[in-house]
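Student: Heads up: the sequence lines are chains A and B, in that order. Just so it is clear: in the first sequence, position 217 is 217 by the numbering used here, and no numbers are missing. Just so it is clear: in the second sequence, position 144 is 144 by the numbering used here, and no numbers are missing.
Quick caveat, the hints were computed from the structure, so don't treat them as lab data. One thing to keep in mind: the hints can contain errors.
Residues from chain B shown here face chain A by an in silico Cβ test under 8 Å; the list is partial [what the hints assert, rightly or not]:
{"#": "1", "residue": "Gly75"}
{"#": "2", "residue": "Ala113"}
{"#": "3", "residue": "Gly116"}
Simulated coverage check for chain A against chain B, where a stretch passes if three residues somewhere in it have a Cβ under 8 Å from a Cβ of chain B [said to hold, decoys possible]:
{"#": "4", "segment": "26–40"}
{"#": "5", "segment": "235–242"}
Restraint ranges, calculated between C-beta atoms of paired labels, are given here [what the hints assert, rightly or not]:
{"#": "6", "chain 1": "B", "residue 1": "Phe162", "chain 2": "A", "residue 2": "Ala10", "range": "37 to 43 Å"}
{"#": "7", "chain 1": "A", "residue 1": "Asp62", "chain 2": "B", "residue 2": "Phe102", "range": "54 to 60 Å"}
{"#": "8", "chain 1": "B", "residue 1": "Trp151", "chain 2": "A", "residue 2": "Asp199", "range": "57 to 63 Å"}
{"#": "9", "chain 1": "A", "residue 1": "Ser23", "chain 2": "B", "residue 2": "His56", "range": "54 to 60 Å"}
{"#": "10", "chain 1": "B", "residue 1": "Leu154", "chain 2": "A", "residue 2": "Leu17", "range": "43 to 49 Å"}
{"#": "11", "chain 1": "B", "residue 1": "Pro150", "chain 2": "A", "residue 2": "Ala127", "range": "30 to 36 Å"}
{"#": "12", "chain 1": "A", "residue 1": "Leu7", "chain 2": "B", "residue 2": "Phe163", "range": "56 to 62 Å"}
{"#": "13", "chain 1": "B", "residue 1": "Val14", "chain 2": "A", "residue 2": "Arg173", "range": "55 to 61 Å"}
{"#": "14", "chain 1": "B", "residue 1": "Phe102", "chain 2": "A", "residue 2": "Glu228", "range": "50 to 56 Å"}
{"#": "15", "chain 1": "A", "residue 1": "Arg56", "chain 2": "B", "residue 2": "Arg7", "range": "51 to 57 Å"}
{"#": "16", "chain 1": "A", "residue 1": "Glu61", "chain 2": "B", "residue 2": "Leu117", "range": "52 to 58 Å"}
{"#": "17", "chain 1": "A", "residue 1": "Glu228", "chain 2": "B", "residue 2": "Leu38", "range": "30 to 36 Å"}
{"#": "18", "chain 1": "B", "residue 1": "Leu148", "chain 2": "A", "residue 2": "Ala45", "range": "23 to 29 Å"}
Where is the CB? At the ideal position from N, CA and C, for every residue including glycine.
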Amino acid sequence: MLVFSILSLALMAIDQLSDIFDSARSGLAVLVYPIVMVADYPNKASEALGDVFDSRSVLQEDNLRLESELLILKVKTQKMSQLAAENARLRALLHASAKLQDKVLVAEMVGVDPDPRRHEVILDKGADQKVFVGQPVLDAQGLIGQVIEVNPLTSRVLLLSDQSHFVPVQVVRSNLRLIARGTGTSRQLEVNHVQETADIREGDLLVSSGMGGRFPVGYPVGTIKNIEFKPGKSFAVVTALPSGLLDRSRHVLLVFVEDNILIRGEASGG
Amino acid sequence: MVEGSGRGGWVIFVTFAIAMLLAVVSLPDSLPRELGHLRPQWIELVLIYWVIALPHRVGIVVAWTIGILMDVLLGSLLGQHGLAFIIVTYISSSLYQRLRMFAVWQQSLIVFAIIGLSLLINFWIENIVGLAEWSLWYLLPAIVSALLWPWIFLCLRFSRRFFHVA
Numbered sequence: 001m002l003v004f005s006i007l008s009l010a011l012m013a014i015d016q017l018s019d020i021f022d023s024a025r026s027g028l029a030v031l032v033y034p035i036v037m038v039a040d041y042p043n044k045a046s047e048a049l050g051d052v053f054d055s056r057s058v059l060q061e062d063n064l065r066l067e068s069e070l071l072i073l074k075v076k077t078q079k080m081s082q083l084a085a086e087n088a089r090l091r092a093l094l095h096a097s098a099k100l101q102d103k104v105l106v107a108e109m110v111g112v113d114p115d116p117r118r119h120e121v122i123l124d125k126g127a128d129q130k131v132f133v134g135q136p137v138l139d140a141q142g143l144i145g146q147v148i149e150v151n152p153l154t155s156r157v158l159l160l161s162d163q164s165h166f167v168p169v170q171v172v173r174s175n176l177r178l179i180a181r182g183t184g185t186s187r188q189l190e191v192n193h194v195q196e197t198a199d200i201r202e203g204d205l206l207v208s209s210g211m212g213g214r215f216p217v218g219y220p221v222g223t224i225k226n227i228e229f230k231p232g233k234s235f236a237v238v239t240a241l242p243s244g245l246l247d248r249s250r251h252v253l254l255v256f257v258e259d260n261i262l263i264r265g266e267a268s269g270g
Numbered sequence: 001m002v003e004g005s006g007r008g009g010w011v012i013f014v015t016f017a018i019a020m021l022l023a024v025v026s027l028p029d030s031l032p033r034e035l036g037h038l039r040p041q042w043i044e045l046v047l048i049y050w051v052i053a054l055p056h057r058v059g060i061v062v063a064w065t066i067g068i069l070m071d072v073l074l075g076s077l078l079g080q081h082g083l084a085f086i087i088v089t090y091i092s093s094s095l096y097q098r099l100r101m102f103a104v105w106q107q108s109l110i111v112f113a114i115i116g117l118s119l120l121i122n123f124w125i126e127n128i129v130g131l132a133e134w135s136l137w138y139l140l141p142a143i144v145s146a147l148l149w150p151w152i153f154l155c156l157r158f159s160r161r162f163f164h165v166a
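Bound-form chain B, shown alone (with noise of 0.2 Å):
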């Protein structure tokens, strides 16, 4: 088991890559800017997979070391994405049994959860710091993640069977 535990690091620290990217990539000019809301957490959305899928592996530290990166790539305050993956992280940790035994529907509500509170605790830090006045928009990432999830489950899933990850 110790052995088998190191394999296929590079698949995740790609899946995290790729999300990094999708989190920052610029829309085209022509389109508006507020297309923008629509965004979904993507970096979230395959930590909280890899949670339920290897918690042993990624976890807290993972969670965090990614969110000092997103802080310092969207030139936040260091700790903020920090803080708001690590509770994901503890969340989903801490249901993992239960996730993994839910239908993906039922999975994409919890997701649904998880990631509109990380989105209010990032609201909430800039609104302290002066950044930010609340609107409903705040939410919509969440509910776009939530759509989303299942086809980024079947995604990941498929890639960690193929490249054998565990």
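Bound-form chain A, shown alone (with noise of 0.2 Å):
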């Protein structure tokens, strides 16, 4: 009893303070794997038994949507790669390095956290498909958090709207740099340290900055929601509605940011 006792808080002390369990970790992970999978598989059963019993009519509207979708999002690519020839010019008379397309892995959520007050889920693709500790996640509609732990076949989450979650995000009315932070609650989140005479009103785009390195630059992060100023606060209270579809979304992109490729590349041919 004891010994085990002291065992598990010299574990504990250890696990906090350094990684050297990370790897006795993702072991152990892959053994528990199962679970995972047995775990999500409500889940994906009512999926697909919805996917089955889709009506005729159903799928054919779904069917005239999806291609009216694509017919538009056809004309803006064409628009697209106008303007990436015309950026890359541009950048070209300035010098700047050109900025290449994000390359990007598309996974599947097989799991949430079952504490409701932490908002971590996990992906099934892991280090086997080179997704790394910090790695961005994306939804169709915008960020939705970063890799926080990387085991062999799958890959833990921690979804923006965690409380202990920062992102540096940006106005991109103005151009002015805020954090917003998690409230805990899937809907919403806070933007910290906002003063009175800043720039910024409801339904401004916020998109991520890429200040701190995390986070490539502008994928949209969330819409200003609520301002509110108190008086004799130093800052506004301020929320705002998340872009992506934190507590709903299956399948998500974790992103592979250009730099990073950059650098692996170097690392693997020096």
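With the hints as a guide, bring the two chains together.
Tutor: The following block contains the structure:
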């Protein structure tokens, strides 16, 4: 009893202060991988069941909607390629480095932390697919979090909405740089340290600012929902609605930021 | 006695596996996350039952091993659930003769106290690391677990007798 208690305390202390247990943890994670998979089964099954029992008309509607969406997106990309060429030309004029497209990997959510206070999810891609700690995670609408733990077959993602998560953001309209913090609820972020004179309005789009070097520049984070100035307080209380569907997306994208790839390429080349 | 003491180990293993599964199974996305507060402490319930029923088979070592696996599964500090499960095991193994005599509702009260304590230990550790803020929600799983105890007890006793686990 005493031996194991002391062992637990020692393990916790070492685990908190250093990362020497990370390999042991990933080994054990492979051992409990079947549990993660089976635990996700109800969600998968309900999804599959939905697919089977979708009626013909619903499928036809879906098909029509998707086709029109595809058309719109295609038109947009036509414009994009022209803009990208123009952007590259202007960047060349400014002698700035050319900006490549970020590479992405599609992953599926296979688990959600059972503790509702912790906003963490498990993805079905891991170290085997070159996922790394600190990697940004997106869904179709915007940024949703970052990888905090990588195992051979799975990885753990901390969502933007977790109370311990901060993301450096920028207001698109005014280029004002701010920090957005998770509040512990999925549909709300809190923007810290907004001064009364700051150029910020309701409805402003926040994108990642790239400060701190963890998240790439320019991915949508949220829109300002509410600004409240309290007399006597030095900062306003500002809340934002996250762009990504933090509690709804099952398919997400892991981003390989170009710099990272370059650094890795150089490292392996040299 | 020595020969018989190895029987039906797989039943214990399977019940723990099911408990671990129930502890991490994700709720449908359509339900609000806050329902997660109602999740009972499945593993502690199963652990308490086996410690009371077969104290010579399920003890500190089993509890600690499962605790470490849970830490990996939940991404908590290695040893956090280990410690909580050890303490649950220690208390129930030192009370097992008395607990066997109790009526089921009296056992429920003890289960409430034991699981409440383990939740407090978990909270305490998370608080030291700086992950948690106190709220009374923390104790809700203990109440749910205590209410669920009679059914768990009956199910596990049935499976123990049915498969002759000794």
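Student: The structure should be examined with respect to each hint, and the outcome stated for every one.
Tutor: Against the structure, the hints come out as follows:
no. : hint                              : result
1   : Gly75                             : 5 Å, holds
2   : Ala113                            : 19 Å, violated
3   : Gly116                            : 16 Å, violated
4   : 26–40                             : holds (count 9)
5   : 235–242                           : violated (count 0)
6   : B/Phe162 <-> A/Ala10: 37 to 43 Å  : 41 Å, holds
7   : A/Asp62 <-> B/Phe102: 54 to 60 Å  : 58 Å, holds
8   : B/Trp151 <-> A/Asp199: 57 to 63 Å : 60 Å, holds
9   : A/Ser23 <-> B/His56: 54 to 60 Å   : 35 Å, violated
10  : B/Leu154 <-> A/Leu17: 43 to 49 Å  : 45 Å, holds
11  : B/Pro150 <-> A/Ala127: 30 to 36 Å : 45 Å, violated
12  : A/Leu7 <-> B/Phe163: 56 to 62 Å   : 32 Å, violated
13  : B/Val14 <-> A/Arg173: 55 to 61 Å  : 59 Å, holds
14  : B/Phe102 <-> A/Glu228: 50 to 56 Å : 55 Å, holds
15  : A/Arg56 <-> B/Arg7: 51 to 57 Å    : 56 Å, holds
16  : A/Glu61 <-> B/Leu117: 52 to 58 Å  : 55 Å, holds
17  : A/Glu228 <-> B/Leu38: 30 to 36 Å  : 33 Å, holds
18  : B/Leu148 <-> A/Ala45: 23 to 29 Å  : 24 Å, holds
Consistency with the previously given hints fails for numbers 2, 3, 5, 9, 11, 12, ordered from lowest to highest.
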